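The task is simple: from the sequences and hints, build the whole structure.
2 protein chains.
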Amino acid sequence: MKQINIGLVGVGTVGGGVVKLLSQELEFLRNDLGIPITLKRIADKVTSRFAELPVGNAICTGNAQDIINDEEIDVVIELVGGMTFAKDLIVSALSKGKHVITANKALIAEQGPAIFELADKNGVSLQFEAAVGGGMPVIKTIREALVGNEITSVKTIINGTCNYILTEMTQKGQLFDAVLKNAQRNGYAETDPTLDIGGGDSGHKVAIMASLIYNGYVPFEKIYIEGITEITKEDIEFAAELGYTIKLLGIINKAPDDDRIDVRVHPTMLHNKHILASVSDVFNAVLLDGNAVGPILLYGRGAGELPTASSVLSDIVDVALNIASGAPRRIPMRYYRHDNELSIKPIDEVETRYYLCFWVADKPKVLASIAALLGEYSISIASVLQKESREESCVPVIMLTHKVLEKNIRAALTAIEKMDYVKKKTRLIRISEEPNVKK
Amino acid sequence: MKQINIGLVGVGTVGGGVVKLLSQELEFLRNDLGIPITLKRIADKVTSRFAELPVGNAICTGNAQDIINDEEIDVVIELVGGMTFAKDLIVSALSKGKHVITANKALIAEQGPAIFELADKNGVSLQFEAAVGGGMPVIKTIREALVGNEITSVKTIINGTCNYILTEMTQKGQLFDAVLKNAQRNGYAETDPTLDIGGGDSGHKVAIMASLIYNGYVPFEKIYIEGITEITKEDIEFAAELGYTIKLLGIINKAPDDDRIDVRVHPTMLHNKHILASVSDVFNAVLLDGNAVGPILLYGRGAGELPTASSVLSDIVDVALNIASGAPRRIPMRYYRHDNELSIKPIDEVETRYYLCFWVADKPKVLASIAALLGEYSISIASVLQKESREESCVPVIMLTHKVLEKNIRAALTAIEKMDYVKKKTRLIRISEEPNVKK
Chain A
2 MKQINIGLVG VGTVGGGVVK LLSQELEFLR NDLGIPITLK RIADKVTSRF AELPVGNAIC
62 TGNAQDIIND EEIDVVIELV GGMTFAKDLI VSALSKGKHV ITANKALIAE QGPAIFELAD
122 KNGVSLQFEA AVGGGMPVIK TIREALVGNE ITSVKTIING TCNYILTEMT QKGQLFDAVL
182 KNAQRNGYAE TDPTLDIGGG DSGHKVAIMA SLIYNGYVPF EKIYIEGITE ITKEDIEFAA
242 ELGYTIKLLG IINKAPDDDR IDVRVHPTML HNKHILASVS DVFNAVLLDG NAVGPILLYG
302 RGAGELPTAS SVLSDIVDVA LNIASGAPRR IPMRYYRHDN ELSIKPIDEV ETRYYLCFWV
362 ADKPKVLASI AALLGEYSIS IASVLQKESR EESCVPVIML THKVLEKNIR AALTAIEKMD
422 YVKKKTRLIR ISEEPNVKK
Chain B
2 MKQINIGLVG VGTVGGGVVK LLSQELEFLR NDLGIPITLK RIADKVTSRF AELPVGNAIC
62 TGNAQDIIND EEIDVVIELV GGMTFAKDLI VSALSKGKHV ITANKALIAE QGPAIFELAD
122 KNGVSLQFEA AVGGGMPVIK TIREALVGNE ITSVKTIING TCNYILTEMT QKGQLFDAVL
182 KNAQRNGYAE TDPTLDIGGG DSGHKVAIMA SLIYNGYVPF EKIYIEGITE ITKEDIEFAA
242 ELGYTIKLLG IINKAPDDDR IDVRVHPTML HNKHILASVS DVFNAVLLDG NAVGPILLYG
302 RGAGELPTAS SVLSDIVDVA LNIASGAPRR IPMRYYRHDN ELSIKPIDEV ETRYYLCFWV
362 ADKPKVLASI AALLGEYSIS IASVLQKESR EESCVPVIML THKVLEKNIR AALTAIEKMD
422 YVKKKTRLIR ISEEPNVKK
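Those sequence lines, one after another, are chains A and B. Take 2 as the starting number for the first sequence in our numbering and just add one per residue. Take 2 as the starting number for the second sequence in our numbering and just add one per residue.
Warning: the hint list may mix true and false statements.
[Claimed, not checked] The list that follows gives simulated cross-link-like pairs (lysine to any residue, SDA-like), each with its CA atoms no further than 25 Å apart:
| id | chain 1 | residue 1 | chain 2 | residue 2 |
| --- | --- | --- | --- | --- |
| 1 | A | K274 | B | K173 |
| 2 | A | K274 | B | E238 |
| 3 | A | K21 | B | A256 |
| 4 | B | K122 | A | S326 |
| 5 | B | K274 | A | Q172 |
| 6 | B | K41 | A | E151 |
| 7 | A | K274 | B | E169 |
| 8 | A | K3 | B | K122 |
| 9 | A | K122 | B | G327 |
| 10 | A | K3 | B | G327 |
| 11 | B | K223 | B | D260 |
| 12 | B | K274 | A | L243 |
| 13 | B | K274 | A | Q175 |
| 14 | A | K3 | B | A328 |
| 15 | A | K122 | B | I324 |
| 16 | A | K3 | B | G124 |
| 17 | A | K3 | B | S326 |
| 18 | A | K173 | B | N273 |
| 19 | B | K3 | A | G124 |
| 20 | A | K366 | A | K419 |
Source of the hints: derived by calculation from the structure; they are not laboratory data. Values in this document were obtained by computation on a predicted structure and should not be read as measured data.
See the structure below:
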């Protein structure tokens with residue numbers, strides 16, 4: 002049987018994991034399952050990394066071009082990350098008729114249309130299970146398992162760093178900055194954590210999910226993304242008092258009577274009974290709702306060397322099986338359709354419930370004034386919690402609203418913040434709709 | 002493009018769901034995803050069922066043989082259930098070179114080797130995603146997503162009827178018989194509930210999972226299966242006092258130094274913090290542990306018309322895509338290997354923790370006698386709870402043991418039950434090891 006030759010570019014954390022896992026499982030895959038794969042070449046510009054890895058008979062090189070130029074290589078695995086070198090590499094590989102496997106969520110989310118068009122043109126596949134949810138089969142479940150469903154909503158905790166930070170803040174009452182520093186020390190956060198804590202990484206992942214679900218592509222820049230950097234100790238404390246947990250959620254919704262897709266990432270208050278409220282530490286979860294299947298949850302480690310490598314191996318075996326069975330372009334349904342730009346609902350037109358925390362002067366009539374101003378924008382208050390004074394200058398007044406349009410909330414806050422009794426910036430956190438899955 | 006013609010046999014609950022879902026999604030599958038499928042024929046001996054279903058242009062018949070004899074039919078979907086007619090039908094279809102899709106867990110678990118051998122011989126595929134876990138992609142996840150993992154353990158709540166009954170007993174303090182009657186009234190339990198409450202249905206599902214995970218087949222009759230019919234109101238109450246929840250679990254384990262696989266189904270006490278302890282009502286969950294991916298949980302509706310139909314559709318699209326791309330026998334790895342009988346560890350040699358509830362005469366020295374007898378069989382007690390008398394004749398003495406071999410427990414219980422102070426049959430419930438996933 003013809004050997005299927007693999008070239009791997011990038012042996013940092015995930016790439017190193019792939020080399021390790023392949024060396025462990027290669028005999029099982031080849032002998033027991035009959036998948037004729039060989040890891041022929043490995044490239045990394047940091048050539049000192051090779052010595053630490055079980056590279057076996059693979060030819061190691063500092064120059065990724067050696068892999069592109071090797072006519073015998075059928076599949077290129079890009080695990081370099083970033084937007085420039087990785088894109089050039091993928092473009093070169095696809096142009097040479099090689100299949101590509103990548104974990105590069107940023108590249109797929111932001112440059113998807115161009116690279117998928119090229120894959121289509123060259124009759125090869127571009128696989129990316131490892132780009133979303135580490136070892137959880139999020140892509141396979143959306144594209145294959147739920148192909149007979151209209152997926153009506155997704156709620157997901159899809160960034161382990163943020164979930165770790167919020168869990169620590171909640172369980173230990175610590176401040177954001179202190180937890181972040183600690184997370185950096187123990188390897189749960191990058192030296193430059195912007196993409197994680199700013200919500201961009203979650204944004205990339207929900208963009209990819211929404212693209213597959215709605216059979217097109219999401220223009221990434223149109224997604225509303227808000228990270229967790231503004232979340233205070235008090236937000237978490239007040240949420241807990243009200244029976245809620247704060248999580249960074251990726252949300253995808255589509256109403257049957259609206260062509261636009263609601264895709265967004267922001268801190269969200271979840272009722273403590275919501276199944277996602279119990280997803281803690283670095284764990285990730287994806288809650289999908291299908292018209293036939295109802296709610297489905299996937300839960301697991303969303304990052305890390307071996308969980309991510311596990312998804313890369315799943316892609317390797319899928320592609321190898323296609324080639325070996327004479328159907329190299331057997332691509333699962335719900336592909337990333339580069340010719341169908343999806344329409345995104347602007348955040349202003351999203352309707353949801355809100356937690357508002359006003360920091361105001363501790364004097365008469367303030368509550369009445371806020372309530373009156375909210376009323377002017379048709380904002381109906383579901384509950385109020387006024388706390389005793391904590392600082393000399395101000396007290397927190399917490400309000401949970403009923404469902405209201407985001408643009409009304411924003412206009413009301415602009416009006417309220419002009420009042421001289423407002424002492425600090427008002428905190429706004431969106432509340433998730435009623436739980437569709439209770440514990 | 003060549004049409005792929007489907008013949009569907011059986012339009013009861015699941016088959017009816019498939020007809021409904023296909024009629025809803027056919028246009029999307031054909032036009033948007035380009036899968037050229039046609040539901041050509043439908044058979045059911047109860048021909049009155051056709052009038053209630055959106056059968057479209059399908060030719061309806063009371064005779065399944067019409068489907069077998071139709072040379073144009075590429076794929077036969079068997080949703081009749083049972084072991085006799087269903088087996089004959091599948092054998093006929095495979096022998097004629099037709100691909101088969103089934104949800105028949107009993108047939109696959111008990112007759113797997115014969116029918117998979119026939120599928121292999123005829124070069125066709127036999128798909129069965131809907132046989133395990135309703136709409137959850139359990140089979141796809143094991144065979145495809147986790148192909149690069151050694152799966153070291155599975156814990157699963159895989160029968161909705163049992164989980165509903167145990168949830169109601171726990172939440173409402175009701176008796177088993179009352180809850181079962183109620184479940185039958187509202188459609189959560191069959192008129193003959195034996196296969197569900199006796200654990201056989203869960204047994205079929207774990208047998209299939211273990212077969213795929215270990216690349217062979219589990220001889221079904223060697224699995225230890227214990228249902229929930231003996232669970233008392235007091236078991237549930239005492240478990241709750243000790244911080245545990247009782248669930249019917251399917252368990253699969255394999256130690257690296259043992260060729261035998263530990264596969265069993267029995268009521269299990271789970272610590273309340275274990276993630277499976279929160280899976281309630283008719284919901285199902287599968288917690289898999291892979292050497293690379295770590296713990297992964299799938300959660301969703303494990304039964305019902307449309308969730309199960311969703312999995313059948315996933316199989317239809319997979320098979321159709323294989324045929325359409327010229328690779329009809331592109332079968333995912335970790336298939337049901339009919340030539341590799343797996344070795345099962347007998348329950349006697351399983352080592353676990355136990356909950357024991359002795360019902361004994363309320364008089365001196367009884368506790369000392371029980372403790373001494375347990376000690377004779379090297380059984381070490383982790384905690385004891387003696388309750389005040391509830392009935393005139395006896396009191397419950399509850400003991401949780403440390404890990405011990407099942408055969409020692411059984412021998413000890415035989416000795417203890419000979420004592421004249423024992424007034425009722427001793428209750429034994431196995432306790433799950435320490436949670437590998439905490440909420």
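key: 25 Å limit on alpha-carbon distance, applied to hinted pair B/K274 and A/Q172   = Given that 25 Å is the threshold and the Cα spacing comes to 15 Å, the pair holds.
task = Below or equal to 25 Å on CA atoms is what counts here, so check A/K274 against B/K173.
result = OK: A/K274 and B/K173 at ~19 Å, within 25 Å.
ask   = Taken at face value, is the distance from the CA of B/G124 to the CA of A/K3 at most 25 Å?
value = Measuring from Cα to Cα gives roughly 20 Å; hence the hint holds.
ask   = Are the Cα atoms of B/K41 and A/E151 separated by 25 Å or less?
value = 24 Å, holds
task = Compare the distance between the alpha carbons of B/K274 and A/L243 with 25 Å, and conclude whether the hinted pair is satisfied.
result = Given pair B/K274, A/L243 holds - Cα atoms ~22 Å apart, limit 25 Å.
inquiry  = Can you confirm whether the C-alpha distance between A/K3 and B/G327 stays at or below 25 Å?
reply    = 18 Å, holds
inquiry  = Holds or violated: A/K173 and B/N273, Cα atoms, limit 25 Å.
reply    = This hinted pair holds, its Cα atoms lying about 22 Å apart.
inquiry  = Need the status of pair B/K223, B/D260: alpha-carbon distance at most 25 Å?
reply    = 15 Å, holds
query = Under the criterion that the straight-line Cα-Cα distance not exceed 25 Å, is the pair A/K3, B/K122 satisfied?
reply = 23 Å, holds
query = Does the alpha-carbon distance linking A/K122 and B/G327 stay inside the 25 Å limit?
reply = Answer holds: A/K122 to B/G327 is near 20 Å, not above 25 Å.
query = Are the Cα atoms of A/K21 and B/A256 separated by 25 Å or less?
reply = 21 Å, holds
Pair hint A/K274 and B/E169, alpha-carbon separation not exceeding 25 Å = Satisfied, since the Cα-Cα distance of roughly 18 Å is no more than 25 Å.
The structure agrees with every numbered hint stated previously.
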